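Chemist: Residues per chain are reported as follows:
8 protein chains.
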Amino acid sequence: MKLQLNDTLLITGDSITDCGRDRPFGESGGLGNGYASQVFALLKAVYPQLHIRVLNTGVGGDTTLELEERWETDVKNLKPDWLSIMIGTNDVWRQIGKPEAEQSLTAYENRLRKLIEDIKPSLKGLILMTPYLLESNKNDRMRSLMDQCGVIVKKLAEEYDAVFVDTQAAFDAVASDIYLAELSFNWDRVHPDGAGHMVLARAFLNAIGFNWEGK
Amino acid sequence: MKLQLNDTLLITGDSITDCGRDRPFGESGGLGNGYASQVFALLKAVYPQLHIRVLNTGVGGDTTLELEERWETDVKNLKPDWLSIMIGTNDVWRQIGKPEAEQSLTAYENRLRKLIEDIKPSLKGLILMTPYLLESNKNDRMRSLMDQCGVIVKKLAEEYDAVFVDTQAAFDAVASDIYLAELSFNWDRVHPDGAGHMVLARAFLNAIGFNWEGK
Amino acid sequence: MKLQLNDTLLITGDSITDCGRDRPFGESGGLGNGYASQVFALLKAVYPQLHIRVLNTGVGGDTTLELEERWETDVKNLKPDWLSIMIGTNDVWRQIGKPEAEQSLTAYENRLRKLIEDIKPSLKGLILMTPYLLESNKNDRMRSLMDQCGVIVKKLAEEYDAVFVDTQAAFDAVASDIYLAELSFNWDRVHPDGAGHMVLARAFLNAIGFNWEGK
Amino acid sequence: MKLQLNDTLLITGDSITDCGRDRPFGESGGLGNGYASQVFALLKAVYPQLHIRVLNTGVGGDTTLELEERWETDVKNLKPDWLSIMIGTNDVWRQIGKPEAEQSLTAYENRLRKLIEDIKPSLKGLILMTPYLLESNKNDRMRSLMDQCGVIVKKLAEEYDAVFVDTQAAFDAVASDIYLAELSFNWDRVHPDGAGHMVLARAFLNAIGFNWEGK
Amino acid sequence: MKLQLNDTLLITGDSITDCGRDRPFGESGGLGNGYASQVFALLKAVYPQLHIRVLNTGVGGDTTLELEERWETDVKNLKPDWLSIMIGTNDVWRQIGKPEAEQSLTAYENRLRKLIEDIKPSLKGLILMTPYLLESNKNDRMRSLMDQCGVIVKKLAEEYDAVFVDTQAAFDAVASDIYLAELSFNWDRVHPDGAGHMVLARAFLNAIGFNWEGK
Amino acid sequence: MKLQLNDTLLITGDSITDCGRDRPFGESGGLGNGYASQVFALLKAVYPQLHIRVLNTGVGGDTTLELEERWETDVKNLKPDWLSIMIGTNDVWRQIGKPEAEQSLTAYENRLRKLIEDIKPSLKGLILMTPYLLESNKNDRMRSLMDQCGVIVKKLAEEYDAVFVDTQAAFDAVASDIYLAELSFNWDRVHPDGAGHMVLARAFLNAIGFNWEGK
Amino acid sequence: MKLQLNDTLLITGDSITDCGRDRPFGESGGLGNGYASQVFALLKAVYPQLHIRVLNTGVGGDTTLELEERWETDVKNLKPDWLSIMIGTNDVWRQIGKPEAEQSLTAYENRLRKLIEDIKPSLKGLILMTPYLLESNKNDRMRSLMDQCGVIVKKLAEEYDAVFVDTQAAFDAVASDIYLAELSFNWDRVHPDGAGHMVLARAFLNAIGFNWEGK
Amino acid sequence: MKLQLNDTLLITGDSITDCGRDRPFGESGGLGNGYASQVFALLKAVYPQLHIRVLNTGVGGDTTLELEERWETDVKNLKPDWLSIMIGTNDVWRQIGKPEAEQSLTAYENRLRKLIEDIKPSLKGLILMTPYLLESNKNDRMRSLMDQCGVIVKKLAEEYDAVFVDTQAAFDAVASDIYLAELSFNWDRVHPDGAGHMVLARAFLNAIGFNWEGK
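The listed protein sequences correspond, in order, to chains A, B, C, D, E, F, G and H. First residue of the first sequence? That's 2 in this note's numbering, and the numbers climb one at a time after it. First residue of the second sequence? That's 2 in this note's numbering, and the numbers climb one at a time after it. First residue of the third sequence? That's 2 in this note's numbering, and the numbers climb one at a time after it. First residue of the fourth sequence? That's 2 in this note's numbering, and the numbers climb one at a time after it. First residue of the fifth sequence? That's 2 in this note's numbering, and the numbers climb one at a time after it. First residue of the sixth sequence? That's 2 in this note's numbering, and the numbers climb one at a time after it. First residue of the seventh sequence? That's 2 in this note's numbering, and the numbers climb one at a time after it. First residue of the eighth sequence? That's 2 in this note's numbering, and the numbers climb one at a time after it.
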């Protein structure tokens, strides 16, 4: 288990992370109803002795651009020990039907890299989660763009020695049993229902060495 | 893992189970925001191949008396393979300050036994969860009454060969690290927050042979 | 133009038709905000001399089963000259992940046929619209089920000499220019936004001989 | 068809244009429920390959005076390729029962001319729509004032080579079949219902060379 | 002054009378905000010694048909000394665009006559108010229908010796000073604003011999 | 009749005048539901040719102190031809149970005088209405204070040649027929119901030479 | 102190008693915010050892007539040991301005007597509270009617050996220090504010032998 | 009785004091529904001749830190004759599970002392109320922290010659008859129900020499 006594874990991202969290940031009962609150509940129930503090500053609709704008107040000022970022869906979403898509992916990578370089030295650990689409057809236009995002996230995780959470792989693993769109609230293939969020939470926890017996 | 392909698991009880579930019964996104939805999310995320269906018919404020009154519509008619019951807090709550308490515990046991005998033959498995108080002082008047309930539930679980979930023990296990009242929403020592519900969900899942790796 | 002076056109179906219409049935300003109101607005603006009356009895969530249950009150009692039916999405939706899917399509066809036989003699004309998915990948599990529905609807249209509206073909025709999911409100690939509804309205109007110049 | 690939069309005006659009400006699903959203839906459904963007900055209650005050933020800053203006009802409405009416029409013309001169050079095309009254009696006091507005708009359209949309003529064309007040929401003879808005949308589209077959 | 000590005056009709009155009937502060409450306020302020009781059972949307259906509960059971009826707008409104209009006026007259004959013997006095349109153009289609109603009401008033209130005449009398549509709430030419209701109230009071000095 | 063609009449005061008027000031349909709207309705219905404009800037809870603070924006800037003031109830109300009451009445007089001197020269006419209590016992502590206010208002009306409206006298005149508290909404003896407001409106209109026949 | 261990005290009446209590009856936190909850709070805080249960079945607007209609469900079925009744304000209120007032007081007495005779034998004790008016002028028309009610209540208390609570006397006792109308919420002289309710609660408690030291 | 004619008593604290009071401060009917309004009601009902004014500036969630921040506006500017403070629950609450607890109690004492020294010279009298927990087990972690707060409050009361209100002792005195948690609204052991607030109000009143007979 990588997190230690009294560590503060900050989780940030877009609407998938937000899920109705409190403002200015979510904590305890105000983490929203997505994977962030599930991660916190599992950490507290299974590792009560660690007193890990979890914060959530996800904001619905955010791209890396908006994240950059609120970086000081929503990330750096909170002085986390661990930081988890999952972003990119809205960067991609807005490109649908625009020829400048690839160029945008470059902007996405550059912005993310800049943020990582800024924060990495002050952290005990960084966690990078890929975006995903609840769609198993890799030729789908949106899925394809998401996969390209995922490749970027993986590359950055390797470069900066971050914990890598491959959320798309976690969903693909259940795709033979579950029609993936069914895991999304309102079938939009983006916002997970409770079970979909648990797939994310489990992938996250596995990546940080969580153990169900609390060892 | 005791549950099998396409099994239906019905979870019933009082407000701790209810947690804002849908009417006439909760399923999928309508399971409320308590341990029932956490159990479902973990079962679906970890055992997608089993396609287990989870239903919730908890009703806030219920004692065994009210459960008995809605037994046909809320339990039997739903024809569950597995049934989980957690009830008793309100039976006890109402006795505070009344001399006829012990007599009431007898009524509690008798009613619960009658319900178990009625449903047991039609089930693949029965799960009995004790009520609890988020209080570590065993001399506390309310905790003491809860413990007596717990003894009854344990006895019934043994008699009828049910899966036994000792929720009080699960909470006591974290009491050295967490001041228990803190795990209750609004500090009432009865209604858990998200982490408290996860303690319940984990105790439940451990009792039915759940394995984090999905084996 | 197939509709004539003072004809009453009844449009029924599921949530795609409903769109917030008035109860017990929608008319004029109470047709909801979907293709039904667009069809009415175009008919009244372009053919004011025909005084065509349009009614809407779509009900969100309906399958052929629920349509059958409300057939008397919502269709026959309203004595339409023309009747348009678009149903099937919910019949299919609920089958996702169930092995008995094919059997269900048979039920779908049988129920629809029974309704058609019941009403056809009293109509001036029947209009059958296929269900659709805003998805261009024909191998997608849900799209594939929808296409099977469409085949059934086409067969019934031919058998009973109904006007046939191939909504999936109408959407496929714009798929090279528009990523189809983008035409759905909230990206669920089922409920169209305003432009998506206009694709439906236009396919409908073309099928009944509508002419933009009102001739 | 006068609009071309990727053109931005800005529609502005008063409450007849506003119709509950989003702020600061409406686009896609936020265009309100009037002729602006109908125009967009028809353009997108019939000419998907053009990817025309439609914006709406109508504001309920506006006269040319208020339009002038918000000209920078609501028109110029949005840098439209095409601009459509329909305004004047409120300029006229407020004059009822005042002797200085004619003087006001002069103010109306002057303000509108000033705005046109300011924006014309930066546009691909300008569209001017007359105001109207849903009243066929040309001697009616309000209709008469509206007609005087219409004359001004027509003169300006000719002077500045704008596309001219004669909305009053479009309504007069259906007046032999429909009692015009009936086309207004709540019978106020100003705010159209869905069919009335479609009369406006069709007149608009005809003026810009729209073709139902999308050619 | 025709009303006497302790007389009960029942005013009934459609939405013009209703104006948000209490249910099952309005009295004192529950008379709604139209002419009925103005009539009551003026009677009580100017003739306090008469203790006249005013009731209101107007119902929005009513034609003579609906009035007939609620005649027992809303008129006869209240045992008024004086009864005032103003109805017909909705009878006419619904005929717009229908060839069977004249026939309908006959139905209107017959139903009204039947109600009058039923109640007349039990009354101290009957008051019949014409419907009206806030439109001075007598050739307007709706105004013309209203005037035909007015002729019927006048004929009935003469036949049955009722107090006759010519509301259209009262509005026509101010038409040279006020553009009539301006007297309607939301300019629909049917529902008066406060001043329009006062025109009705004054015509009513003049007809029953009201005197501003209370003599 | 003292008011003339196109005169603007501004009515101000406390909650008795306010009655839910629009902000920043009430006009036409926004005059609230008290005597101000009744005065306007009667002036417009009976003297349509005068086109008198009525404004209302009453504010609930105001004493002369608050009126003084908003004097510029709520009175002077509106440039009325005629101004009517009714204030004092809250000045008195707050004194109940305080020994410094008489001193306060002096403050009341001084503030009112100062406002009158400030505005008088710019007016065609000033109207001063006394406050009142819906209580006929002149020995009642609150009534007695109100009467002292009334004496001050009368004195000021004489000094500054204002139209004087003795509202208490108007209510006393009906006290032999009506138990006065009954004329107050909620029996608080301060806020009139509809009939009570008409007593005020009639006293006001009589004082300015209003004639029911409009002469 | 007249109440004893485990006694149930039922308090009933009109809106003065109701004060927003729970339905079907108020208890503990559901007693409303009037004298009933103050009585309960003082009894529980000062005499905790007695475990007295207090119920409230007051209903806003009730006269003795309505109390009689709900007598079985709201009084007898609750099997109180002690019953307190305060009613009459609405009986009197409705008589204002009616010549048959005295006759009504007889009806009031007769109904109240009948209820007392029906319940007295089953009670440990009956408590009768007079109605009151927050008005010190005994010549006031409403106060005078209230005093006549009070005489009746006193007579009945003597006849049936009930505890008598003279609420009017309790208010008169503070009238030299407090202008009584000020003790009513919204100055209606009927519904007390918090301090006014405490005057009632104190008069009630003094009458049953309550002692601040709990002896 | 320590309070005298026309004294102003300001009560401040956290949510236990706040109880929904008005802003910027509560008075009369705006004191909230806790002990502050009960104290006021008892003082006014029993000592009407003293005309004591009671203000409430409690703020939910406050610790001594927040109280310090609003000290000028919420305490000093109101210029009370008497000041009552009850604070500390939130200071303690937040320490649960933190090792720096004791240090915090020192901060609590220092801040409170500083505030007392600042205000004491301007007061007729200071009243210090201890915080409490509705828990009779003195070994409970939260109760133990509360008791340490109480020791500090008592020490400060002695040092600064303040009236001391031992609220915990008042609750302990009823603990043999009432299970204390039952006195809290929602069983959180912090926020009292009506009876619990009356225990506080009575302890407060006893400490200032209140006498039920008003002597």
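These are calculated hints, taken from the structure and not from any lab test. Since the structure is predicted, the reported quantities are computational estimates derived from the model, not experimental observations. Cβ atoms here follow ideal geometry from the backbone N, Cα and C, with glycine treated the same way. Please note that a few of the clues may not be correct.
Calculated lysine to aspartate or glutamate pairs in the EDC-like style (CA-CA distance at most 20 Å, straight line) [stated by the list, open to error]:
| no. | chain 1 | residue 1 | chain 2 | residue 2 |
| --- | --- | --- | --- | --- |
| 1 | A | 216 | B | 28 |
| 2 | D | 139 | E | 183 |
| 3 | C | 139 | A | 183 |
If the Cβ cut is set under 8 Å, some of the chain H residues that face chain B in the computed set are [said to hold, decoys possible]:
| no. | residue |
| --- | --- |
| 4 | 141 |
| 5 | 142 |
| 6 | 183 |
| 7 | 190 |
Chemist: Would you mind marking each hint as holding or not holding in the structure?
Modeler: Okay, the hints, checked on the actual structure:
1. 216/A with 28/B: Violated. Residue 216/A to residue 28/B sits at ~33 Å, over the 20 Å cutoff.
2. 139/D with 183/E: At roughly 18 Å apart (the allowed maximum being 20 Å), residue 183/E and residue 139/D satisfy the hint.
3. 139/C with 183/A: Holds, at roughly 18 Å.
4. 141: 6 Å, holds
5. 142: Holds, because the Cβ-Cβ distance from residue 142/H to chain B comes to roughly 5 Å (cut-off 8 Å).
6. 183: With a closest approach of 6 Å, the residue 183/H hint holds.
7. 190: Holds - the Cβ of residue 190/H comes within 8 Å of chain B, reaching about 7 Å at its closest.
Of the numbered hints listed earlier, the single one contradicted by the structure is hint 1.
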